[in-house]
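Q: Protein chains in written order, with my numbering: chain R, 1 to 583; chain V, 1 to 205.
These are calculated hints, taken from the structure and not from any lab test. Please note that a few of the clues may not be correct.
[Said to hold, decoys possible] For the chain V half of the interface with chain R, some residues (derived, Cβ under 7 Å), not all of them:
#1 TYR43
#2 ALA81
#3 THR88
#4 VAL91
#5 ILE131
#6 GLY139
#7 PHE205
[As the list claims (entries may be wrong)] Just so you have them, the derived chain V footprint on chain R, three or more residues with Cβ under 8 Å:
#8 350-363
#9 457-464
#10 572-579
Source: prediction; values computed, not measured. Note that the Cβ used here is the ideal one computed from N, Cα and C, for glycine as well.
Each chain, letter by letter, is given below.
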Amino acid sequence: MTEPRPSKRFVLPLWCRLLAIALSGLGIAGAVQGAERRVPGDYGTIQLAIDASAPGDTVVVEPGTYRESILLRSDITLRGEETARTFLAGNGEDPVIRANGVTGVRISDFTFIELTTGMEISGGADVTVAANVFDCGRGDGVRVLDSAAADISNNTFYDCATAVQRDNDGVRIRSNLFYDNTTAIAPVTLTANISYNGFLTNGENGPTGTQALVGEPMRFISVDKRDFHLRYSSNVIDKGDENDTDVIDGTRADMGAYGGPYADPTPYPVSGLGVQVNGTDSVTVSWEANAAYLIAGYKLYYGTDASFGGSEAAEGPSPIDVGDVTQYSLTGLAAAVPARLDAPRLQRVSPAHRELEVAWSAVNGASGYKVHYGVDAVGEKVVDVGDRTSYRLTGLENGVVYRVAVSAYSQATYHFGVTAYDSTAARHESPLTGESRILAKIGEEVDSPLSNEMSAFPEALRPYPDLPDEGCFVATAAYGFYSAPQVQLLRDFRDRYLMTSATGREFVRWYYTYGPVAARWLDSHPVFKPAVRVALFPLIAVAGLMLEGGHFYLVSVMMLCGILVTMAALILRAKRRFIRGEA
Amino acid sequence: MALLLLLVSSGSLAAGGGQEPPRWSLELKGGNFFPQEDAWKSYYGDDKTGSLGAGLAWKATRQVEIGLDTAYIKDEGRGLAPQQGQITGDVTLELYPLQMFLLLRGVFREDQWLVPYVGGGLTRIYYEQDIRGQEKRRGSATGSHLRAGIQLLLDNIDRGTAWGFYENFGVNNSYLFVEVQRSSVDVESIELGGTSYQMGLLFEF
Numbered sequence: 001m002t003e004p005r006p007s008k009r010f011v012l013p014l015w016c017r018l019l020a021i022a023l024s025g026l027g028i029a030g031a032v033q034g035a036e037r038r039v040p041g042d043y044g045t046i047q048l049a050i051d052a053s054a055p056g057d058t059v060v061v062e063p064g065t066y067r068e069s070i071l072l073r074s075d076i077t078l079r080g081e082e083t084a085r086t087f088l089a090g091n092g093e094d095p096v097i098r099a100n101g102v103t104g105v106r107i108s109d110f111t112f113i114e115l116t117t118g119m120e121i122s123g124g125a126d127v128t129v130a131a132n133v134f135d136c137g138r139g140d141g142v143r144v145l146d147s148a149a150a151d152i153s154n155n156t157f158y159d160c161a162t163a164v165q166r167d168n169d170g171v172r173i174r175s176n177l178f179y180d181n182t183t184a185i186a187p188v189t190l191t192a193n194i195s196y197n198g199f200l201t202n203g204e205n206g207p208t209g210t211q212a213l214v215g216e217p218m219r220f221i222s223v224d225k226r227d228f229h230l231r232y233s234s235n236v237i238d239k240g241d242e243n244d245t246d247v248i249d250g251t252r253a254d255m256g257a258y259g260g261p262y263a264d265p266t267p268y269p270v271s272g273l274g275v276q277v278n279g280t281d282s283v284t285v286s287w288e289a290n291a292a293y294l295i296a297g298y299k300l301y302y303g304t305d306a307s308f309g310g311s312e313a314a315e316g317p318s319p320i321d322v323g324d325v326t327q328y329s330l331t332g333l334a335a336a337v338p339a340r341l342d343a344p345r346l347q348r349v350s351p352a353h354r355e356l357e358v359a360w361s362a363v364n365g366a367s368g369y370k371v372h373y374g375v376d377a378v379g380e381k382v383v384d385v386g387d388r389t390s391y392r393l394t395g396l397e398n399g400v401v402y403r404v405a406v407s408a409y410s411q412a413t414y415h416f417g418v419t420a421y422d423s424t425a426a427r428h429e430s431p432l433t434g435e436s437r438i439l440a441k442i443g444e445e446v447d448s449p450l451s452n453e454m455s456a457f458p459e460a461l462r463p464y465p466d467l468p469d470e471g472c473f474v475a476t477a478a479y480g481f482y483s484a485p486q487v488q489l490l491r492d493f494r495d496r497y498l499m500t501s502a503t504g505r506e507f508v509r510w511y512y513t514y515g516p517v518a519a520r521w522l523d524s525h526p527v528f529k530p531a532v533r534v535a536l537f538p539l540i541a542v543a544g545l546m547l548e549g550g551h552f553y554l555v556s557v558m559m560l561c562g563i564l565v566t567m568a569a570l571i572l573r574a575k576r577r578f579i580r581g582e583a
Numbered sequence: 001m002a003l004l005l006l007l008v009s010s011g012s013l014a015a016g017g018g019q020e021p022p023r024w025s026l027e028l029k030g031g032n033f034f035p036q037e038d039a040w041k042s043y044y045g046d047d048k049t050g051s052l053g054a055g056l057a058w059k060a061t062r063q064v065e066i067g068l069d070t071a072y073i074k075d076e077g078r079g080l081a082p083q084q085g086q087i088t089g090d091v092t093l094e095l096y097p098l099q100m101f102l103l104l105r106g107v108f109r110e111d112q113w114l115v116p117y118v119g120g121g122l123t124r125i126y127y128e129q130d131i132r133g134q135e136k137r138r139g140s141a142t143g144s145h146l147r148a149g150i151q152l153l154l155d156n157i158d159r160g161t162a163w164g165f166y167e168n169f170g171v172n173n174s175y176l177f178v179e180v181q182r183s184s185v186d187v188e189s190i191e192l193g194g195t196s197y198q199m200g201l202l203f204e205f
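If we strip away everything but chain R, and leave its shape as in the complex, we get (with noise of 0.2 Å):
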């Protein structure tokens, strides 16, 4: 009886290929091999940009915070834009990569937090894993199963259960750092191919190999902060594996994650800053030292915006090299700002319950506003509510006349930044985060004359329609009575359904007639009242409907659509079984 239809199996397949061909020769799919693939700039997520990838591409992840169950294919490259703040962070209970059965794969630079498991490597996979940090949160760093040709190098390992597990000796486990972990490489009967690693305050470090420091202080920059870079007085700078080179500055790799072939040359983010105003143009910042060993100097920035365009300070243009110090200051930092300003235009002051909403126009040159109240004189208090240009006054008393009028104000606002740059030639420089910013409000200030005052009430809002409130028992019982609230949702439904009727009440007394004998039964049978509050449940759903309000309601109406389509599915299932018993 049944009429042939096309396969969507086949059709989807060939309209998809069709459009691949289309956009290839549009160059939009970006087929093209060893290419670079951007997340999120490019895909939405980690796994997108892998399966978009082709042999030889390579995927660079942005610095945020990720939370995938990735699946790596042969031949891509994986790297984090900054070690320091890429972060792949735990799923649940998979791993956050898993490389099974590829080959030709490189996954670096990033740091890998709150894990259950870091990656698992298996099926034979030849996979590189270099220069990340794992900051395991007790969970296991890398789990290498039957994966003879994987290589775990210059890494850093810290608070990991096990860090680094493998069933075959032929994996290489070399340069990394492992610091405070419970085991740091397991088993211990494992022994071949691991040379050149760290361990320091592990509770069994497991086979060290060859050319291991262990006991020997590391000294990164700051655990809390996971910065896992190197102060100048760590004993493991120069001493990864001789054969490789640290990227960063050309000499014989460091052990852990910021000196080897692979390490992310950016240097962590300058925090801490500070800015003290000295008289009416000049400021100095200050910031926290970065102490990772290879920090030169710093850069200043300034500007009245974030662009950091500024050039009128007496000590140059921005960015100004500042060496290694960490605090600045910049004289003549005078930004222009009108001689006067013309007063706002009060709009609106619209009352609500024990609130008044202000609005007003926008004045030419004015960098912020100020609302001026009061009962007996509109300057009583005074808000400075920044750039924008409507205000709710709050905490205000119902039923009382409040005077009401808006200022403009105009003062020289600069941006600082500063970045740290390491002493290579290349003169590496961290990234100017939020924590490497800080405002400050600099120089005269110039006020505008008041605006026009307008006057208004708080008062307790009426809704459209005006419907009336019947309360909600459920909240007084749960706060205010002994029982429990499904009890007294039964209690009420009674109350207001039950016993406004002749039919009702005749139940009401049936049931305090035989109700008690039921109780006392369950009571002795204790086993039987889950069953019971199962049985009951309808019951209470259907009162709390008829009684009660709000969110309740939205959850009962979605049961009830749930309800409804369950019903339907099952009755379904049974006309299905009918249908085919028949056939």
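Place chain V on chain R using the hints.
A: For chain V alone, kept in the frame of chain R given last:
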């Protein structure tokens, strides 16, 4: 005349042949709700708001159904400062109608393209008003409603798929329908009902 032509069968497929007659129908629908209260637009910025719902009905006969449906209606607007006469503030109104209805369907053949229907029944509306900074108002009221609509039999468009739908899922007929519904619910002289224009899918099984 054209309507009459559509109402009658398209001829060749006896969809009912070999099928158990349907006993139930499930509908999923959405559309606009136009409240009856006159000043709605002044407070909510529009004289209508969206509505989503679902319903299940039992077919006493092929032409008579008894059912239950529910919906969710929400609108956001402003309230009235009564002493100063200003429309201001933030108010959210949510309505949750629950309806029991009797439906009469003009279906005379299983392969009829268009099926008109009329019906009506009880409406109970649960409401909640959230006025920013003030206590929420909640309550419920009972009223009635009338509904009428027309259903387009989708099975006639692809009969093979329709037959497969029956064989695999037990669904006899699928309809696309449009419906107008007028409800009247009085809450202390406030009319909480209105007119709904909705579109949806209905499955008979």
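Q: Next, verify each hint and record whether it holds.
A: To see whether the hints hold, each was checked on the structure:
The beta carbon of TYR43(V) comes within 4 Å of a beta carbon in chain R, closer than 7 Å, and the hint placing it at the interface holds. Annotation: interface hint on ALA81(V) holds; nearest CB of chain R at approximately 4 Å, less than 7 Å. Residue-level restraint check for THR88(V) holds (minimum Cβ-Cβ distance to chain R is 4 Å; threshold 7 Å). Hint status for VAL91(V): holds, given a least beta-carbon distance of 5 Å to chain R, under 7 Å.
The interface hint given for ILE131(V) is met, as the beta carbon of that residue sits about 5 Å from the closest beta carbon of chain R, less than 7 Å. A distance limit of 7 Å between C-beta atoms decides the matter here; for GLY139(V) the minimum to chain R is near 4 Å, and the interface restraint holds. At a threshold of 7 Å, the smallest CB-CB gap from PHE205(V) to chain R is about 5 Å, leaving the interface hint in force. Only when three residues or more bring their CB closer than 8 Å to a CB of chain V does the claim for the segment 350-363 of chain R stand; here the count is 7, and the claim holds.
Closer than 8 Å: that is the beta-carbon criterion, and the segment 457-464 of chain R has 7 residues meeting it against chain V, so the requirement of 3 holds. By the rule of at least three residues with a Cβ nearer than 8 Å to a Cβ of chain V, the coverage given for the segment 572-579 of chain R holds, with 6 such residues.
Of the hints listed earlier, there is not a single one the structure fails to meet.
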